[in-house]
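A.B. asks: Sequence:
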Amino acid sequence: MSRDDILTTPNISVVLLDDQLWVGCVAPEDLPACAYPLLQAMLGAPDDKAGFFSLTHEEDGITLMMDDRCQRAFAETSHLCSVNYAPHRWRAFEIHLGTLTYDEPGVVCFLTTTMAERHISILNLCTYDRDFLLVAESDVHRAKEVIQACLQVDVDGLREAMLQLDVRRSHSSSRDLEDTNGSSPLRDKRREQLAAAVDGGGCSCGTGTCCCGATASMSQEALCCASTCKLPTSD
Numbered sequence: 001m002s003r004d005d006i007l008t009t010p011n012i013s014v015v016l017l018d019d020q021l022w023v024g025c026v027a028p029e030d031l032p033a034c035a036y037p038l039l040q041a042m043l044g045a046p047d048d049k050a051g052f053f054s055l056t057h058e059e060d061g062i063t064l065m066m067d068d069r070c071q072r073a074f075a076e077t078s079h080l081c082s083v084n085y086a087p088h089r090w091r092a093f094e095i096h097l098g099t100l101t102y103d104e105p106g107v108v109c110f111l112t113t114t115m116a117e118r119h120i121s122i123l124n125l126c127t128y129d130r131d132f133l134l135v136a137e138s139d140v141h142r143a144k145e146v147i148q149a150c151l152q153v154d155v156d157g158l159r160e161a162m163l164q165l166d167v168r169r170s171h172s173s174s175r176d177l178e179d180t181n182g183s184s185p186l187r188d189k190r191r192e193q194l195a196a197a198v199d200g201g202g203c204s205c206g207t208g209t210c211c212c213g214a215t216a217s218m219s220q221e222a223l224c225c226a227s228t229c230k231l232p233t234s235d
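Under the numbering used here, the first residue of the sequence shown is numbered 1, with each subsequent residue one higher.
Calculated from the structure, these hints are not laboratory results. In this text, all values refer to a predicted model and were calculated from it rather than measured experimentally. Hints may be right or wrong, so weigh each one.
With a Cα cut of at most 25 Å, we get these calculated SDA-like pairs of lysine to any residue [said to hold, decoys possible]:
#1 K144 <-> M42
#2 K144 <-> T77
#3 K144 <-> R89
#4 K144 <-> D129
#5 K144 <-> Y128
#6 K144 <-> A27
#7 K144 <-> T99
#8 K144 <-> A35
#9 K144 <-> C126
#10 K144 <-> C109
#11 K144 <-> E29
#12 K144 <-> Q164
#13 K144 <-> H119
Derived DEER-like restraints, expressed as beta-carbon distance ranges [what the hints assert, rightly or not]:
#14 T127 <-> L39: 17 to 25 Å
#15 N124 <-> D60: 27 to 35 Å
#16 V153 <-> L55: 14 to 22 Å
#17 A149 <-> H57: 15 to 23 Å
#18 P28 <-> S138: 27 to 35 Å
#19 T8 <-> G51: 45 to 53 Å
#20 T8 <-> E160: 37 to 45 Å
#21 H88 <-> A116: 16 to 24 Å
#22 C109 <-> M42: 23 to 31 Å
Every residue, glycine too, gets a C-beta built ideally from N, C-alpha and C.
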């Protein structure tokens with residue numbers, strides 16, 4: 001399978017696989033009928049040493065990620081083996097982190113979180129010594145820019161970028177919490193329930209006991225209960 005070099009540093013290498021990939025699933029009742037194309041996809045032709053094929057077996061069946069050669073094996077037996085495919089094709093970034101996998105855990109999480117902030121959806125596939133990030137064809141260019149911006153630094157720079165992301169997300173969570181202190185009918189209702197809990201020594205959700213096991217006779221306990229009470233929390 002041909003590939004395009006995206007990034008090479010002393011610690012990291014990233015390539016973009018040229019082939020568009022298929023992602024599909026097979027229901028449990030169809031697994032026996034798919035035995036032959038599965039073997040073809042896994043073993044391949046005698047002279048075919050390249051290709052991309054991944055199989056994940058779970059309770060609801062199997063999930064397949066594969067290139068055109070492997071998909072043809074299923075297409076040829078589609079009258080016997082039913083595969084439900086995702087609506088669009090995917091491209092895979094192959095990421096090799098070397099010793100960073102153990103020395104700096106969280107690099108892939110850092111990448112995927114940054115992509116999520118750019119509204120790029122990904123599928124993450126891990127193998128023994130590599131990670132594959134699958135993105136939709138329409139997102140390849142933006143995903144490439146994210147990877148280069150995030151990883152084209154030395155180890156110290158990577159640590160600093162990961163720390164900055166953690167701080168940024170922490171601040172964002174704090175702002176979201178502050179936003180809940182605004183006024184709205186639902187929030188006002190919750191404040192009334194909290195006040196009643198404090199004055200009457202009862203739980204704000206009406207159970208009489210706080211979720212933490214204590215009676216809600218103090219404001220902190222009332223807040224504890226209200227935080228988990230099954231009340232609407234959005235406007």
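A.B. asks: Are T8 and E160 spaced within 37 to 45 Å by their CB atoms?
C.D. replies: violated (21 Å)
A.B. asks: Does K144 pair with H119 here, judged by a C-alpha cut-off of 25 Å?
C.D. replies: holds (14 Å)
A.B. asks: Against the range 14 to 22 Å, how does the distance between the Cβ atoms of V153 and L55 compare: consistent or not?
C.D. replies: The hinted range 14 to 22 Å is violated for V153 and L55, with Cβ atoms some 35 Å apart.
A.B. asks: Can you confirm whether the C-alpha distance between K144 and M42 stays at or below 25 Å?
C.D. replies: With a Cα-Cα distance of about 29 Å, the restraint between K144 and M42 is violated, given a limit of 25 Å.
A.B. asks: Need the status of pair K144, T99: alpha-carbon distance at most 25 Å?
C.D. replies: With a Cα-Cα distance of about 22 Å, the restraint between K144 and T99 holds, given a limit of 25 Å.
A.B. asks: Within 25 Å, alpha carbon to alpha carbon, are K144 and C109?
C.D. replies: OK: K144 and C109 at ~16 Å, within 25 Å.
A.B. asks: Does the alpha-carbon distance linking K144 and D129 stay inside the 25 Å limit?
C.D. replies: It holds: about 21 Å lies between the C-alpha atoms, which stays within 25 Å.
A.B. asks: Should the hint that T127 and L39 are 17 to 25 Å apart at their CB atoms be regarded as holding?
C.D. replies: With a Cβ separation near 20 Å, T127 and L39 satisfy 17 to 25 Å, so the hint holds.
A.B. asks: For the pair C109 and M42, does the Cβ-Cβ distance stay inside 23 to 31 Å?
C.D. replies: holds (30 Å)
A.B. asks: Quick one: are H88 and A116 within 16 to 24 Å, going by C-beta?
C.D. replies: holds (18 Å)
A.B. asks: State, for the Cβ atoms of P28 and S138, whether the hinted interval 27 to 35 Å holds or is violated.
C.D. replies: holds (32 Å)
A.B. asks: Check the hint pairing K144 with T77 against an upper bound of 25 Å on the C-alpha distance.
C.D. replies: Cα-Cα ~36 Å, so violated.
Hints 1, 2, 6, 8, 11, 15, 16, 17, 19 and 20, counting from the list given before, are not met by this structure.
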